[in-house]
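**Student:** Listed below, chain by chain, are the residues.
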Amino acid sequence: MAADVCLREHVSVTTRIGRRSDRRGRRVLVAALAAAVALVGLAACSGDVGPGRGPTDRIVLAETQAPGEFNPLLGYGRLGVSPIYEGLLTPGADSDERLPDLVPALAASRPERIAPRVWRVPLKTGVTFSDGTPFDSADVVATYRAAVDPAVASAVSTYLAPIVEMKADGPQSVTVTMATDADPSPYLLLGIVPAERVERIPAAQWALNTDPVGTGPYRLDSLDPDQAILVAREDHRDGTPAMRRVVYTHVPDDNSRAQLLQTGEVDGASLPPRLAAGFEGRDDLDVVDVASADWRGVSLPARNDFTADPAARRAMNLGIDRKALVEDVLDGDGEPASTPISRAYGDAYDESAQFPYDRDAAQRVLDAAGWRPGEDGIRVRNGVRASFPLLYNAGDTLRRDLAVAFAAAMKKIGVEVLTRGTSWDEIETKLATAGALLGGGETPYSIDSQVYDALHTRVPGSSPYSNPGDFTAPGLDEVLDAARESAPGPRNDERYRRIQQIYSAEPSQVFLAFVHHTYVARSAGWTHDAPILEPHSHGVIWGPWWNLPSWSPEA
Amino acid sequence: MTATIGAAGGTGAAFGRAGRLLPWAVLVVVAAVALGWPMLAGEQAADFGRALRAPGAGTLLGTDHSGYDLGVRTAEGLRISLLIALACAVLATVLGVVVGVASVTAGGWVDAVVMRVVDGVNALPHLVVGVVIAAMWRGEPVAIIASIALTHWPAVARVVRAELLEARTAGWVEAARLAGASRTFIATRHLGPAVGGQVLVAMTVLLPHAVWHETTLSFLGVGLSPDEASLGTLLGQARGDVLTGAWWTLVVPGAALMVTALACAAAASSLRRASAPPAGEVWR
Amino acid sequence: MTTQLAPNTQSPGEEVAAQCCSSDPGSVPRRTRGRRVVGLLGRRLLMMIPTVVLVSLGVFAVAAASPFDPLTEHLGDDYQSATASQREAVTQAHGLDGHWFGAWWRWWGDVFSGDAGWSSTQSRPVTDVIVDRLPFTLGMSLLALLFATVIAIVVGALTGMRRGGLLDRVCTGVAAMLAATPPFVVSLVLVSVFAVGLGWLPAAGARRPGDAYTVAGLFTHGVLPCLALTISMIPWLLLTMRAAVVDAAASEAVRGARARGIGGWALLRGHVVPVSVLPTLALLGTRLPELVAGAAIVESVFGWPGLAEALVDSAVALDFSLLAPLAVGSAVLVLIGSAVSDAAAVWIDPRIGLRA
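First to last, the sequence lines map onto chains A, B and C. Mind the numbering: the first sequence is residues 0 to 554 in numbering that gives the first Met the number 0, read in order. Mind the numbering: the second sequence is residues 0 to 283 in numbering that gives the first Met the number 0, read in order. Mind the numbering: the third sequence is residues 0 to 355 in numbering that gives the first Met the number 0, read in order.
In case anyone wonders, no lab produced these hints; they're calculated from the structure. Just to be clear, a hint being listed does not mean it is correct.
[Said to hold, decoys possible] In silico SDA-like links for lysine to any residue, alpha-carbon gap of 20 Å or less:
| # | chain 1 | residue 1 | chain 2 | residue 2 |
| --- | --- | --- | --- | --- |
| 1 | A | 429 | B | 139 |
| 2 | A | 410 | B | 140 |
| 3 | A | 410 | A | 523 |
| 4 | A | 429 | B | 42 |
| 5 | A | 410 | B | 42 |
| 6 | A | 410 | B | 40 |
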């Protein structure tokens, strides 16, 4: 207080200071402000912030994953779609509405059956890797052997389980021995690496990851921690692609990718549906919505008295309005899913097995099973509340929204779902007591690999996320096993329809929707192949850029 | 932050007597809104069909990403953020008081060692330590409270220790001891109030700081679960929604955060001015 | 955000600013001052060693105590589909089992032999991460600190001299408001207005995707992050400078100078500023924790490829091989900063009897 008084006495003195330094002080301030404005103006002018004015044969894509894992055994190009690697076969289609055909890429023709469960695949001649070495059957055999080698710890080993053995049959063909009567084609998509580059150490440590060598039309030109640049190969057998340079820049955050698209610094990215919807109506950008077999669903805990009741599981499946979910949460970019089999599977899809949205029926089922509403609106039976936790990966906004929407819907039928965002390692430890918002459909081109792990009861050695609740319906396992063993055809389609019918009578989890992948692309001046049905993927390897050699300038 | 506002003279200098009460009034209003609005509004349900509606017809402040009414959601978020901040402030203060008192009472080399430890803990970047602890037990409010409290108790310990050291050697305490007062009497009647004022200031200062930390942790993704309401999760989601044109999702929680932080800081500075002698006066 | 909780625990520099009239500082000879400074620095340096050891031990102990499974980082997206035998193989391959004390001991051995380990969040050796990212963080942070200091000193001096004026009230109000705003809100507002709304400046990164790093590119991309960081550093510095100027202006020395007829610019330059600037500068060292936290948030929001962003990412993802050196490094930096701060304060004003 005394100091205040002391200072106030000097106010008159300070104003005298103000007199002479008035002009000086003001001049200083004005100069500083002018300098600041000039700096910002300079920055704005010199910066190239408008739409890309670079060379027209270059495309810049914003990728969610960090570059530096260019190895099919780590999942890059495991389904034969990548600029750097090719597989024996590759998917091809002219639309995303049905399963693509698997056409020969490195194979000279489709596999031919030479004995029960033994197939022969002739290989193309005159193919070279990007380092000049020739391609032959030894490379194929080395790749497939490494994929199932425990020392390599490859991510794709479980997918290739149906292949018993892959042998070279001379330098220009291989023989595949299968464990079942199924068609080997879906398992022959894996990108091939040179035999000399295979190492018997974990795939994550291979030199190939940062120095890839493949038979595809592009090769790696430069690799930075946040950016990878691919250039077109001059010596590719199909000629040099028109799109000469591809830049993948690492931008893990959805919002940053959207910002970069807005300011024109990148030419393409994948975005969550609602963020992508913000780009509708712009002249220079297209919003591309690609169908996929990528499903999202809620797995249910095994050790929960409510979810252990089959009637409760059936009621939950009836009580969720999948169409509204797709409309509101996915902004229309998706399809309702009652089982992992989508319409794209043609005859194997059974329309009658899809769950209708019927809240009254759900409530009747719950009432009949003895779950009566308690005081707080949540159903109770013998003192057990109809409640379970639902965990989701905290970093994924789509899974969060789906979990919240599911919980809101379940509230309306008297089931309490407690949502919580956390990390995968915690989710894994709690799968027995909590539900999880899971996704699937990594390998959809074979209906067996799409369906088996998700619906079959657990077997030793399977991923903890395959049917974590270990629920099943009577007879489901047998039909699944039979369908896996058999060759494709109308009889097997019948089996898969049967699977869906058995499942819908007593479901094990709640499948919610197939999510479409939404991309925002700048493709003015180019034509390219339409996107195909996509697996559970995360980046710009797919979308409009799945077949980069097909990009050609508009005439 | 209080030093900044205190150095500025506080709102008292700006607005006079009524101004000195202004921050407290604002805090009361904020607390009332945070507690009362959600209660009045009742149970809220997520409805993605109503998501991201602009303020105006139907809703006062618009709707957020999940379809909740943004006003109610912000009030809920404010409540959770304030509760967590209060818990952090109380916990940090208790820890700091215990350590400070124990250190002074033990005296000697124990005191020196404890002060070194306090300085060491203080040197660690608060944000990083907070992030690590919160990241290990993701989504648990207890982890967030612990992460903020464990990085902020040293400041309280330092204050308590300094106050106690000073008060112990003060004239009136000497006089009381000479007059035959017992140690308990001195502790409760003389030392307690001397320290208590500063402790209260410390707690009030910690409040906006804890809110700041909690919102930053949630923004970085290691705070509360993203489907829960908290100022941090709301602002983190607003980052994406603003790009689709929903400016209200950033403005409403941001304004709530700033008003609360400002009011807390101003209140703390007025408390400090009331309890501590102004700089330059000699009254030791 | 460091908090000052009571006047009598202010660090020496603020005590200087608080006491207007005191004994003559020139009475303590320079040599003694020099010795005191050196002694203080030496003692602080010695104390840094146990601190470093304890911090690194703490990181490893915490890593062991966490329920987190480091496999999630190594397996990434395939975590969900990896089988038990695959996980076993990866665990063996990376040596993820074993006691944390052994891991700590091995880590220090590796560090001294030049190999700081492998960062799983960045998928590169830790030394590469540090070497690549350090210039970005140093450049932007030091520039922001410089701008903030200059602006704070200039505006603080002007508002301190004309207390109560319009400029003073506006600046103080704005400073208080900015002090209450977390850096990420400031960054979000800047991005929304300048990058997305007006389109003047780029929104993220340090270069246009597809191009190499250029000086012009770094400049345009660095304007917004630097601005955000500067804005978050200004309030405290400005108000401290202002308080120091106010107190200096009320000191007897300045009163005497005024009585002798010195006024205006000469008074400011010759009598007020020297007394108030030096303590403020001396306190810069104590702002380092703020700078680290602010830089971390600004770099995260703007995607500026700096070390502070890597620190936050490694903390969020619990990538302990990167987190350990960065945490130790930032603790050391903060300790050095406060040591230099206190040494400078002792040098400037020997009335402060700080010994260690």
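**Student:** If a hint holds in the structure, say so; if it doesn't, say that too.
**Tutor:** Now for the hints, and whether the structure bears them out:
1. Between residue 429/A and residue 139/B, the direct Cα distance comes to roughly 15 Å. Compliance with the 20 Å bound is thereby established for this hinted pair.
2. Of the supplied pair hints, the one linking residue 410/A and residue 140/B is violated, its CA atoms being roughly 24 Å apart against a limit of 20 Å.
3. Only pairs whose Cα atoms come within 20 Å are accepted, and residue 410/A paired with residue 523/A is rejected, the gap being roughly 47 Å.
4. Restraint check for residue 429/A and residue 42/B: the C-alpha separation of about 29 Å exceeds 20 Å, so the hint is violated.
5. A hinted pair counts as satisfied when its Cα atoms are at most 20 Å apart, and residue 410/A with residue 42/B qualifies at roughly 11 Å.
6. Proximity of residue 410/A to residue 40/B is assessed by CA-CA distance (about 18 Å); at most 20 Å being required, the pair is judged to hold.
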